[in-house]
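Residue numbers (my numbering), protein chains in the order written: chain A, 125 to 230; chain B, 125 to 230; chain C, 125 to 230; chain D, 2 to 321; chain E, 2 to 321; chain F, 2 to 321.
Please note that the accuracy of each hint is not assured.
[Unchecked claim] Derived pair list, reagent style DSBU-like, types lysine-lysine, alpha-carbon separation capped at 30 angstroms:
#, chain 1, residue 1, chain 2, residue 2
1, D, K187, D, K310
2, B, K141, A, K141
3, E, K187, E, K91
4, C, K126, C, K215
5, A, K126, C, K141
6, C, K215, B, K126
7, B, K141, D, K120
8, C, K141, F, K187
[Claimed, not checked] Covered, in the sense of this in silico footprint (three residues per stretch, anywhere, with C-beta under 8 angstroms from a C-beta of chain F), are these stretches of chain E:
#, region
9, 173 to 180
10, 202 to 215
11, 268 to 274
[Said to hold, decoys possible] Anything over 12 angstroms on all C-beta distances counts as not near chain D; from chain B, calculated:
#, residue
12, L139
13, L140
14, L147
15, R150
16, P177
Rather than coming from a laboratory, the hints here were simulated on the basis of the structure.
Ideal Cβ placement from N, Cα and C applies to all residues, glycine included.
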Amino acid sequence: MKVPLSLLTIVTEGLLKEPMIELLRRHGATGHTITRADGEGSRGVRAKDWEGPNLRFECILSPEAADAALDEVSERYFENYSVIAWVTEVKVVRSTKFSSKDSAES
Amino acid sequence: MKVPLSLLTIVTEGLLKEPMIELLRRHGATGHTITRADGEGSRGVRAKDWEGPNLRFECILSPEAADAALDEVSERYFENYSVIAWVTEVKVVRSTKFSSKDSAES
Amino acid sequence: MKVPLSLLTIVTEGLLKEPMIELLRRHGATGHTITRADGEGSRGVRAKDWEGPNLRFECILSPEAADAALDEVSERYFENYSVIAWVTEVKVVRSTKFSSKDSAES
Amino acid sequence: MDLLTQNLISPVVLAFVLGMIARWIRSDLEIPSAIYQGMSIYLLFAIGLKGGVALSETPASELVLPLGLTLALGCLTPLSAFFFMRWFGKLGKVDAAATAAHYGSVSAVTFIAAIEAVKLSGIPSNGYLPALLAVLEVPGIIIGLLLAQKSQAGGMKHALREVVTGKSIFLMVGGLAIGAACGQAKVDSVAPFFIAPFKGVLCLFLLELGMVAASRVRDLRSTGLRLVILGCFLPAFHGAIATACGVWIGMAPGGAAIFGAMVGSASYIAAPAAVRIALPEASPGIYLTLSLGVTFPFNLSVGIPIFIKLAETLSHAPTP
Amino acid sequence: MDLLTQNLISPVVLAFVLGMIARWIRSDLEIPSAIYQGMSIYLLFAIGLKGGVALSETPASELVLPLGLTLALGCLTPLSAFFFMRWFGKLGKVDAAATAAHYGSVSAVTFIAAIEAVKLSGIPSNGYLPALLAVLEVPGIIIGLLLAQKSQAGGMKHALREVVTGKSIFLMVGGLAIGAACGQAKVDSVAPFFIAPFKGVLCLFLLELGMVAASRVRDLRSTGLRLVILGCFLPAFHGAIATACGVWIGMAPGGAAIFGAMVGSASYIAAPAAVRIALPEASPGIYLTLSLGVTFPFNLSVGIPIFIKLAETLSHAPTP
Amino acid sequence: MDLLTQNLISPVVLAFVLGMIARWIRSDLEIPSAIYQGMSIYLLFAIGLKGGVALSETPASELVLPLGLTLALGCLTPLSAFFFMRWFGKLGKVDAAATAAHYGSVSAVTFIAAIEAVKLSGIPSNGYLPALLAVLEVPGIIIGLLLAQKSQAGGMKHALREVVTGKSIFLMVGGLAIGAACGQAKVDSVAPFFIAPFKGVLCLFLLELGMVAASRVRDLRSTGLRLVILGCFLPAFHGAIATACGVWIGMAPGGAAIFGAMVGSASYIAAPAAVRIALPEASPGIYLTLSLGVTFPFNLSVGIPIFIKLAETLSHAPTP
Ligand SMILES: Nc1ncnc2c1ncn2[C@@H]1O[C@H](COP(=O)(O)O)[C@@H](O)[C@H]1O
Ligand SMILES: Nc1ncnc2c1ncn2[C@@H]1O[C@H](COP(=O)(O)O)[C@@H](O)[C@H]1O
Ligand SMILES: Nc1ncnc2c1ncn2[C@@H]1O[C@H](COP(=O)(O)O)[C@@H](O)[C@H]1O
Ligand code: NA
Ligand code: NA
Ligand code: NA
């Protein structure tokens with residue numbers, strides 16, 4: 125009953141909250157989880173200074189959707205914003221919970 | 125010296141804090157890590173509205189224990205509560221730290 | 125364009141914040157993400173009691189660097205401090221973002 | 002009605018409205034949840050403290066009647082709510098019982114808002130009301146859960162534990178005890194923190210509550226008109242009865258009005274937590290939307306002034 | 002200058018310095034971000050509330066001139082800043098425009114600090130200033146973004162939404178409205194929370210701001226001397242002009258000084274958020290470092306006393 | 002003893018008890034850690050501020066004796082604690098040294114509680130005590146670490162940095178400096194925030210501390226009776242000596258009692274952090290349980306009234 129899916133994790137400035145949620149939805153996400161995070165990266169600016177902490181999105185998606193979303197995040201935001209993202213393979217049960225349009229493999 | 129174990133991640137309403145900790149213990153967890161998270165999912169109710177944010181449990185377990193715990197979470201809570209859970213394969217060192225009864229493979 | 129890298133996750137008492145950041149830097153980390161976490165483990169002391177919550181570090185590294193960092197964390201801190209750490213395999217795009225000295229595989 | 006405008010144009014009510022507007026225009030305003038929790042701890046403890054001092058100055062004999070009335074109404078209102086929810090609201094048994102538990106219990110913030118409104122209108126009140134608040138919180142929830150006939154030992158017990166050790170009752174009862182033990186003189190030493198800024202904190206708290214309520218209001222469409230009507234009728238109905246009874250057993254007019262607001266209010270902190278544990282299959286989309294999205298704003302804007310007016314009228318009626 | 006020391010040796014300014022020291026000696030002092038956000042909500046709402054009460058007591062006719070002047074200066078200062086940033090600061094168009102948006106907008110904390118300094122120096126002020134603050138916040142940002150000629154429908158619109166529904170303007174305008182609607186008597190009921198402790202909260206807030214500014218100051222080396230000079234010159238220049246105009250249109254001396262501090266200040270909350278969305282390629286290392294690391298401390302320590310002195314001199318000049 | 006009950010029945014002490022009860026009945030009450038940290042920042046800064054004002058009004062000559070005494074006791078108490086922990090407590094060298102560092106240092110909350118108790122009892126005190134608190138915090142920790150003979154350059158230096166730049170000392174010394182620089186008149190402007198609500202905030206803070214202490218008390222079983230006895234004996238012993246010395250060098254009776262509570266107290270914020278870094282192999286289950294689970298409640302309930310009584314007796318003894 126275990127189904128392999130992908131977990132997309134995105135860490136980004138608080139500013140991009142709405143755009144990120146929208147992006148995830150567009151790629152078929154049925155939900156997401158957000159935690160507040162601090163961080164340092166390659167850019168000098170620590171987001172925390174002026175707009176609260178970074179946001180850390182987690183979203184379970186079908187592997188294809190996760191890849192596509194990761195690509196879009198990278199293309200649209202990597203250059204000008206403080207963003208980092210990665211994909212992990214995970215197993216879930218009852219994957220129906222995650223299929224809005226793409227993951228009917230349960 | 126690296127030992128493969130499983131990381132079980134559970135995101136759930138704050139309400140289920142005690143039951144979840146107990147469930148993890150029953151499956152042999154020697155510890156767990158909790159972060160506060162916001163989130164949206166398939167259910168209309170955002171937990172945050174009335175009882176504080178979601179809780180995100182992480183627990184390192186033996187692969188069998190993680191699978192069993194995941195099954196139990198799914199069976200007992202998926203229907204009526206806001207819960208989501210997944211399992212990831214991870215590597216640790218000195219897995220003795222995680223073996224209460226099941227993972228003696230270090 | 126997807127490149128496999130490693131995600132090192134460390135959960136530790138707040139006290140070790142600076143040493144951990146330094147350790148990660150020494151192993152070539154270009155950044156890290158910190159979330160506040162509560163937790164219980166094998167030691168009686170819950171860090172939260174007297175010095176704020178645990179810190180949960182996430183750091184994307186080359187697989188070798190992640191292994192080496194994990195080893196060092198285990199050797200230096202496992203005995204006397206509340207620390208736990210694990211490594212997960214992840215995929216990223218544009219891995220140049222993570223290469224200070226070690227991961228030129230993009 | 003002048004009293005109505007008087008009540009509506011106050012920092013506390015307007016802050017609630019401001020919170021709703023924040024959500025409607027999709028402002029990024031957000032009260033950090035630690036601040037929100039800090040404020041609720043402050044408010045509950047402070048209300049207990051104030052009540053405890055008043056209690057320490059009230060002779061026990063004076064408390065017997067109000068306590069009895071509170072218990073009686075705490076048992077009757079969930080039954081009445083259950084009946085209306087099934088009959089007029091067309092809800093299934095579990096959902097009706099869950100909602101009944103909410104209307105049987107009490108909203109501390111409505112209570113506080115009523116206290117402030119009464120203070121503003123200048124009519125006399127009673128000091129022992131916070132003690133009644135603590136008493137009123139529990140029976141409604143028990144009866145609501147029993148109505149669902151789901152009293153499997155485990156769930157029910159767990160749910161009751163949750164209510165009794167839950168932080169809202171714990172803080173209020175703890176504050177009551179400390180206030181009663183210390184008395185006025187010693188509580189005065191913490192008054193600049195717990196008493197004077199109280200209403201200002203309430204103001205910020207309602208800003209947050211307005212935001213939460215606004216997202217509930219969005220769910221009204223799916224809730225259905227019949228339930229919305231009940232969400233306005235029940236508080237008015239229960240509250241008017243309670244106000245009348247309060248006057249009848251000799252409460253001061255202000256006290257009776259506050260008592261009406263208490264009995265009329267629907268819980269949205271203690272009850273949801275208990276119901277979620279004991280009746281997880283009941284739909285929060287119904288009980289939360291009604292209590293927080295309909296009944297709370299109704300009481301805040303319309304209910305409280307009505308109960309004040311009613312209490313004043315009834316109190317003066319027999320005098321001449 | 003006595004006024005300068007008088008201004009510098011105050012709990013509020015010293016708390017800012019203490020925050021900077023905390024960073025320099027690498028203390029582990031940290032204000033939790035929930036507390037910091039809670040304080041900014043409190044400060045903005047309180048300043049609005051106070052202003053709203055004052056507004057409710059000011060005849061509309063008295064507001065026409067100040068409002069017109071505010072709008073005019075709100076349009077001129079970003080142009081002036083843009084010019085200096087390109088010519089003397091040698092910045093590229095996008096970075097100059099981004100910085101201009103910051104100098105065109107306004108820093109609420111500078112405004113508050115100016116109010117406190119004026120109160121301390123005992124000269125008369127005007128109650129309607131918070132309304133001007135809200136008005137001044139927006140045009141500078143719009144013009145700054147237009148200067149970058151990057152007004153692609155999407156980015157610009159999104160950025161404007163961000164500013165107008167952003168929590169800082171929303172809370173201040175909301176507070177203004179509530180204060181104006183309720184009037185003095187009703188706001189008095191929340192005064193022990195919103196008015197009396199205000200300056201103390203400001204003190205803790207500046208402790209945090211000092212820490213943030215200190216980490217900005219570290220970036221000064223890479224910013225370059227020319228920009229640092231501008232970061233001191235622009236507030237003095239804009240502020241002096243605004244103070245003079247304020248006296249000229251009849252503001253009280255204290256009011257004119259505060260007005261000068263407002264116009265001279267550079268935004269570091271509303272503007273960065275808007276610029277980050279509309280001009281993501283502009284470098285925060287420039288605009289944030291200038292506004293928070295140079296201009297804010299400059300105004301806090303040197304600018305405000307200068308504007309007060311200037312306003313007093315100009316006000317007294319024509320009298321004899 | 003009347004003074005004892007008088008001290009125990011106060012909002013501050015009862016809030017501590019309420020916190021312990023919350024843990025015992027397993028209530029879900031939780032003070033968000035941001036709020037807890039915010040409160041400790043507030044309390045430490047406020048105590049410094051108040052002390053700074055007092056300091057600015059104390060002639061330096063008056064400080065020499067108290068400072069000397071503080072340093073002397075700050076060096077003797079860790080030695081005494083180490084001796085008792087090894088001899089009677091049967092601890093190993095490292096654990097005994099770690100515990101000695103805690104008893105050599107000082108608990109700011111005990112100090113604050115003593116101040117409030119003295120204020121309540123109406124006997125005169127001294128304003129310079131917060132300065133002594135800052136002085137007392139450091140030497141005990143150094144000597145404790147030296148006793149472990151683990152003074153490898155690195156660990157010791159790191160631990161000292163931690164103590165001196167640690168937020169508790171930093172905020173208190175910062176507050177002291179600001180208070181001394183500004184003087185009474187200017188600090189008055191922030192008094193409605195830092196002075197008036199102080200005791201109320203302390204009350205909430207102790208609610209949290211009670212919860213933390215309760216979870217420590219659970220560990221008492223594994224700690225052993227001998228250590229629990231020392232956890233009561235040491236504060237009484239050190240505190241009585243310090244009170245007597247205080248009276249002897251001419252402190253006001255209230256000041257001597259507070260000084261006794263300070264010297265008798267065991268640190269549970271600065272010392273644990275330093276010890277954890279320099280002596281990671283020492284067991285927090287011992288030193289934290291003793292300082293927070295035994296000595297703090299002991300001082301709060303029994304110690305402080307004893308020191309007050311003692312100071313009064315000794316002060317009056319030579320008079321007739
Ligand atoms: N190598 C990394 N591992 C984990 N998180 C990172 C890493 N690099 C950057 N981050 C996170 O991503 C955010 C933005 O990074 P950057 O765009 O490089 O400034 C930072 O604030 C960190 O929270
Ligand atoms: N696809 C998803 N990816 C990550 N987190 C999710 C996802 N769906 C739901 N969640 C989280 O799980 C919680 C409960 O989800 P649900 O039961 O679907 O309402 C939400 O509040 C989210 O925090
Ligand atoms: N099995 C586990 N899974 C996840 N997190 C753990 C586990 N064990 C310990 N932790 C975390 O690591 C911290 C330190 O653990 P310990 O050193 O065992 O006390 C705890 O506070 C938890 O946050
Ligand atoms: Na009710
Ligand atoms: Na400006
Ligand atoms: Na001591």
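(request) Starting from the hint list further up, note which numbers the structure goes against and sort them upward. (result) Hints 1, 3, 5, 7, 8, 9, 11, 12, 13, 16 are the ones this structure does not satisfy, whereas the remaining hints hold.
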